[in-house]
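Enquirer: Given chain U's structure and the hints, the job is docking chain A onto it.
Note that the protein sequences, when read in sequence, are chains U and A. Add 5 to a position in the first sequence, counting from 1, and you land on the number used in this note's numbering. Add 5 to a position in the second sequence, counting from 1, and you land on the number used in this note's numbering.
Careful, some of the hints might be misleading.
Unchecked claim - A few chain A residues that don't get close to chain U, going by computed Cβ distances all over 10 Å: (1) 31; (2) 111; (3) 114; (4) 177; (5) 199; (6) 217; (7) 263; (8) 286.
As the list claims (entries may be wrong) - Calculated cross-link-like contacts (lysine to aspartate or glutamate; reagent style EDC-like; alpha-carbon spacing at most 20 Å): (9) A:58 to A:86; (10) U:58 to A:65; (11) A:58 to U:46; (12) A:58 to U:404; (13) U:58 to A:72; (14) A:397 to A:426; (15) U:215 to A:22; (16) U:58 to A:337; (17) U:215 to A:56; (18) A:58 to A:90; (19) A:245 to A:256; (20) A:377 to A:337; (21) A:58 to U:72; (22) U:69 to A:56; (23) U:215 to A:86.
Simulated from the structure, these hints should not be mistaken for laboratory data. Backbone N, C-alpha and C define an ideal beta-carbon position, used for all residues, glycine too.
2 protein chains.
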Amino acid sequence: MRSTVIDTAAIIAVGSELLTPYRADSNSLFLTARLNDLAIEVQGKAIVGDDRKRLALAIERGLKDADLIVMTGGLGPTDDDITRETLATVLDAPLVERQEILSLIRARFAAHNLEMPEINRRQALVPRGAEIISNARGTAPGLWLEWQERVVVALPGPPRELEPMVDGPILKRLEPRVSNLRLRRRVVGVSGRAESQVEEHARPLYARWKDRNPVVRATILGSPGQVELHLSTRASNLRKAEDSLDLAVEELVGALGRDVYTTEGLPLELVVGNSLRSHGWRIALAESCTGGLLASRLTDVPGSSAYLDLAVVTYSNLEKINLLGVPASLIERHGAVSEPVALAMASGVATRAKAEIGVGVTGIAGPTGGTKAKPVGTVFVAVTGVGGERAKVFAFRGERDMVKRQASQAALDMLRRILDDHE
Amino acid sequence: MRSTVIDTAAIIAVGSELLTPYRADSNSLFLTARLNDLAIEVQGKAIVGDDRKRLALAIERGLKDADLIVMTGGLGPTDDDITRETLATVLDAPLVERQEILSLIRARFAAHNLEMPEINRRQALVPRGAEIISNARGTAPGLWLEWQERVVVALPGPPRELEPMVDGPILKRLEPRVSNLRLRRRVVGVSGRAESQVEEHARPLYARWKDRNPVVRATILGSPGQVELHLSTRASNLRKAEDSLDLAVEELVGALGRDVYTTEGLPLELVVGNSLRSHGWRIALAESCTGGLLASRLTDVPGSSAYLDLAVVTYSNLEKINLLGVPASLIERHGAVSEPVALAMASGVATRAKAEIGVGVTGIAGPTGGTKAKPVGTVFVAVTGVGGERAKVFAFRGERDMVKRQASQAALDMLRRILDDHE
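Isolated chain U (complex conformation) (with noise of 0.2 Å):
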């Protein structure tokens, strides 16, 4: 074993079905969380169909380019699967059949009462010289290889194979071959202002960031509803890695204030779940253009019964006035998208889950329904309960699923407000 260390990766994921409208490469973004986590940076990723030359060009251009070199996919047993022999051909390493390899597929057949199809003797050739990183959940071994100054892995495209082969073999080799440097991250998230309002306050510190010791890097991710704000540094010294991103955090917080909420990643439904939790109280929700998906982010959080007893989509007026107990009046006088809806929605389910708060969500999601004064994108969001009620109303762009996703974070964000402010 060679001891070059590691400083830089490039990711190749192979595979025909990648160079298509439908499917996107989703595991280089697991493997660069694990190579940061090692501070290894990756420099590119290139995605390249199952074709030998092509393949071949992007091994050996990766080989020019970082000092290491993992590949997914291309692994399986037919003849669409090219990464075995183009390695060979690349690194001029012969394939050689491996009877250890052969036994365990065997096995994992056996157990299944099959036999081995004669197809899968193919997983079994690896080029000279590789070591073997086994699989637990498929056929296809994994493949470390060292060449002149560099190292090639090779792991199978599904991601549960790979991430398991990743978590244990490969980091525990890598691990030795890596700098002193670690890196380190913080993700901050910001709700209720737009990426834009987010960057004029957050550009000053930049600046200032650059001249720590360690750096603090930063990159701004807007998406629908929300903005993060990714810091990362790198050191030697873990504590000043720690010091310097708490003391840039705290610097962010104090920016940007209360629209800050979480400076550590968390998603905003986890956060609002967080804080009913610790205040004991229950909520229920009343929903009619976000049609579940507010419910469905709340009970994504596992644990969520503890809070969520009930929540109703109730998409018809007449829903709305016998489930919710909305006087028919007030939707005849306001319409059924307005405050005055949306607030006895909310007050209607918390009363009946006798909840101590209760959401109302109602709006226009499009593409039709919209009206002049009411166009596609409006939407009421009402929450009771706890010390009064609130509403606040909305106009979101976009299609259909972005008003709904919009909507269910602009509730989220009101809930997490409310619940702060009796804290």
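Expert: Same frame as chain U, now just chain A:
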């Protein structure tokens, strides 16, 4: 303008955020779909950070690999935005300031009563000889460059800016430059079978399709609760291409029978929605473990208010009893996660909403709450109405969100089959 035919493309996504664990390149899926429509095959994708040297290398490699290079990102006004300068260097076409761009950017700011910040002036710099692709939704114009036998297109990163630029001026410029071959695709959706079971039935067909004229190629893609088969063919004679695909789809349906829910790539919730609409039936939902996901998926479909009035998420036993009229004795005897309770939830919500069809879902999404007899992933789905009541138990694997997803998929699939029986 040169007359080389554009057959192949390479996509280069530029941006350091695309090399973090948090953000994947999504533009390339959209771009691939549009390029494929013109029979341009994407031969590879590269993702590079905001690094001039590496980007230059990626462009040089792209120019070797493909007829067309489509670049996304790096056209903003800041120092990190390096696409313009790097293109100028690689293509040896110095940057020149274009007055028409400057005026447009100034006008955009003026429309918001703002003065153009000096920094935005950079966006008016373009490599000499570039054609400008105007951007209706942002300050960064796109670039179209001809270089030797190649075409290089540079587009801004935000999808809402990029997409209309592609659908308008870019496709218009590409159309006269492509071969007379056209690519056609079909997406066949299958539910109720594992990927390996679908593969087993489809594999004998693949071989037959390889001998057709034109050849039909197939890719299989599994995701929780469904399998998709993507068929494609290329031909100059569109009629022959369509016939070839029609025949292949017919053979697939013959092999897979009723497990095929769409032959045109529709999501299952839309197939169910269309079927409900054509029957003129309304549906009501009672969810426990899916927590609103089933309602949210059904209401993702525009116009779903035509067949959905009411959905309830009854997480607690009390609400199952009070709101849905599930007998307390039933819960005591069988437990809340049981077939009788799922059936009582379905009929209870249908009665309340006066809907023709009721759906009840109860299960254990995890990570806690499992028992030996009913482990995490146990889910009962019941459908009542239109001539009967049916219930089924499932044993799903995976995390909480995977269980929710598969359970919602199973419920939609049961609905689909029942609705089909009444056609």
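Enquirer: All the hints need checking, so say for each whether the structure fits it.
Expert: Results of checking the hints against the structure:
1. Consistency note on residue 31 of chain A: stated as away from chain U, yet its beta-carbon is not over 10 Å from all of that chain's, at 7 Å minimum.
2. The claim that residue 111 of chain A lies off the interface holds: its Cβ sits roughly 18 Å from the closest Cβ of chain U, which is beyond the 10 Å cut-off.
3. Here residue 114 of chain A stays apart from chain U, with its beta-carbon at least about 13 Å from theirs, past the 10 Å limit.
4. The claim that residue 177 of chain A lies off the interface holds: its Cβ sits roughly 20 Å from the closest Cβ of chain U, which is beyond the 10 Å cut-off.
5. Its beta-carbon lying about 13 Å from the closest one in chain U, residue 199 of chain A satisfies the requirement of being farther than 10 Å from that chain.
6. Remark: the non-interface label on residue 217 of chain A is consistent with the geometry, its nearest Cβ contact in chain U lying 19 Å away (cut-off 10 Å).
7. The claim that residue 263 of chain A lies off the interface holds: its Cβ sits roughly 24 Å from the closest Cβ of chain U, which is beyond the 10 Å cut-off.
8. Every CB of chain U lies more than 10 Å from the CB of residue 286 of chain A, the least distance being 15 Å, so the non-interface label holds.
9. Distance restraint check for residue 58 of chain A and residue 86 of chain A: the Cα-Cα separation of roughly 13 Å lies within the 20 Å cut-off, and the hinted pair is therefore satisfied.
10. Distance hint between residue 58 of chain U and residue 65 of chain A is fulfilled; the C-alpha atoms sit about 18 Å from each other, no more than 20 Å.
11. Restraint check: the Cα-Cα separation between residue 58 of chain A and residue 46 of chain U comes to about 16 Å, which is no more than 20 Å; the hinted pair holds.
12. The hinted pair formed by residue 58 of chain A and residue 404 of chain U fails the criterion: a straight-line CA distance of about 39 Å is larger than 20 Å.
13. Using a Cα cut-off of 20 Å, the hinted pair residue 58 of chain U and residue 72 of chain A holds, with the two alpha carbons roughly 17 Å apart.
14. Between residue 397 of chain A and residue 426 of chain A the CA atoms are separated by roughly 17 Å; this keeps the pair inside 20 Å, and the hint holds.
15. Among the hinted pairs, residue 215 of chain U with residue 22 of chain A is consistent with the structure: their alpha-carbon atoms are about 18 Å apart, no more than 20 Å.
16. Restraint check for residue 58 of chain U and residue 337 of chain A: the C-alpha separation of about 65 Å exceeds 20 Å, so the hint is violated.
17. Note on residue 215 of chain U and residue 56 of chain A: the hinted pairing holds, with a Cα-Cα distance of about 17 Å set against a maximum of 20 Å.
18. The hinted pair formed by residue 58 of chain A and residue 90 of chain A meets the criterion: a straight-line CA distance of about 11 Å does not exceed 20 Å.
19. As the CA atoms of residue 245 of chain A and residue 256 of chain A are separated by approximately 17 Å, the hinted pair is consistent with the 20 Å bound.
20. At most 20 Å may separate the alpha-carbon atoms for a hinted pair to count; residue 377 of chain A and residue 337 of chain A meet this at roughly 18 Å.
21. Between residue 58 of chain A and residue 72 of chain U the CA atoms are separated by roughly 17 Å; this keeps the pair inside 20 Å, and the hint holds.
22. Between residue 69 of chain U and residue 56 of chain A, the direct Cα distance comes to roughly 16 Å. Compliance with the 20 Å bound is thereby established for this hinted pair.
23. Restraint check: the Cα-Cα separation between residue 215 of chain U and residue 86 of chain A comes to about 18 Å, which is no more than 20 Å; the hinted pair holds.
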